[in-house]
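Residue numbers (this note's numbering), protein chains in the order written: chain A, 113 to 228; chain B, 113 to 228.
Hints were generated in silico from the structure; no laboratory data involved.
Mixed in with the good hints, there may be bad ones.
No copy is singled out in the list; a pair is fine if it fits within one copy or between any two copies.
[Said to hold, decoys possible] Straight-line distance between alpha carbons at most 25 Å, and here's what the computed SDA-like set of lysine to any residue pairs gives:
#1 Lys204 - Arg162
#2 Lys120 - Gly153
#3 Lys120 - Gln199
#4 Lys195 - Thr160
#5 Lys195 - Gln138
#6 Lys204 - Pro224
#7 Lys195 - Ile205
#8 Lys195 - Thr150
Predicted model only: the values in this text are computed from it and were never measured.
There are 2 protein chains.
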Amino acid sequence: MERLAEQKCEECHASSTPATDEEIVQFRPQIPDWEIRTIDGIARLSRTYRLSNFAEALEFTYRIGTLAEAEWHHPVILTEWGKVTVQWWTRKIKGLHRNDFIMAAKTDALIPQHEK
Amino acid sequence: MERLAEQKCEECHASSTPATDEEIVQFRPQIPDWEIRTIDGIARLSRTYRLSNFAEALEFTYRIGTLAEAEWHHPVILTEWGKVTVQWWTRKIKGLHRNDFIMAAKTDALIPQHEK
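Work out the full structure: start from the sequences and follow the hints.
The following block contains the structure:
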């Protein structure tokens with residue numbers, strides 16, 4: 113299977129097909145540190161990254177946001193001292209699309225080398 | 113009373129004095145859009161800013177984070193499409209210090225002109 117981190121998001125509509133259970137099982141080994149959290153009945157991919165301090169958390173947030181703009185798919189990001197929590201889901205389908213798994217993998221690829 | 117936005121944070125210790133009720137009453141007219149939210153028994157100053165899109169929310173987040181580093185007092189920041197939520201409190205005293213009101217006023221001063 114092609115690596116998720118190397119794929120591009122496709123345009124998404126309200127009629128787009130959510131990720132199937134079978135796809136999710138296929139995708140998850142590529143993003144092992146992400147969990148699926150259901151908030152207000154909508155599934156999101158969620159991961160909290162630990163970083164050294166606030167400045168690193170802020171820089172990481174900025175990198176994730178820049179990626180989001182480039183792919184035109186946007187997460188929510190919680191920035192704290194030494195910690196960044198990111199959640200990806202697809203508002204238009206009120207759930208998880210293949211795009212979200214791609215973005216989770218791309219987010220993992222942004223982790224500063226010394227934090228890996 | 114001196115304007116909060118023009119003051120500097122002072123160094124804070126576990127023994128520092130929290131803001132008194134009287135001070136809070138004095139401070140609040142300078143930060144009228146902030147609310148006090150109690151989370152896990154600890155009071156925080158909280159405000160959600162509306163912005164035009166994700167890119168503006170990200171830039172605003174970065175400006176707040178840069179201010180936080182400069183004053184060495186750090187908030188939590190939730191960045192979403194068109195929305196940034198900021199919370200200030202003082203971990204060392206598990207509550208609100210004068211510093212938090214100063215930072216709230218300084219955060220308000222960072223709002224992009226066209227969003228005011």
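Consistency of the hints with the structure:
no.	hint	in the structure
1	Lys204 - Arg162	between (30 Å within a copy, 21 Å between copies)
2	Lys120 - Gly153	neither (27 Å within a copy, 44 Å between copies)
3	Lys120 - Gln199	within (18 Å within a copy, 34 Å between copies)
4	Lys195 - Thr160	both (7 Å within a copy, 20 Å between copies)
5	Lys195 - Gln138	neither (28 Å within a copy, 34 Å between copies)
6	Lys204 - Pro224	neither (31 Å within a copy, 29 Å between copies)
7	Lys195 - Ile205	between (29 Å within a copy, 21 Å between copies)
8	Lys195 - Thr150	both (21 Å within a copy, 21 Å between copies)
This entry does not satisfy hints 2, 5, 6, going by the numbered hints stated previously.
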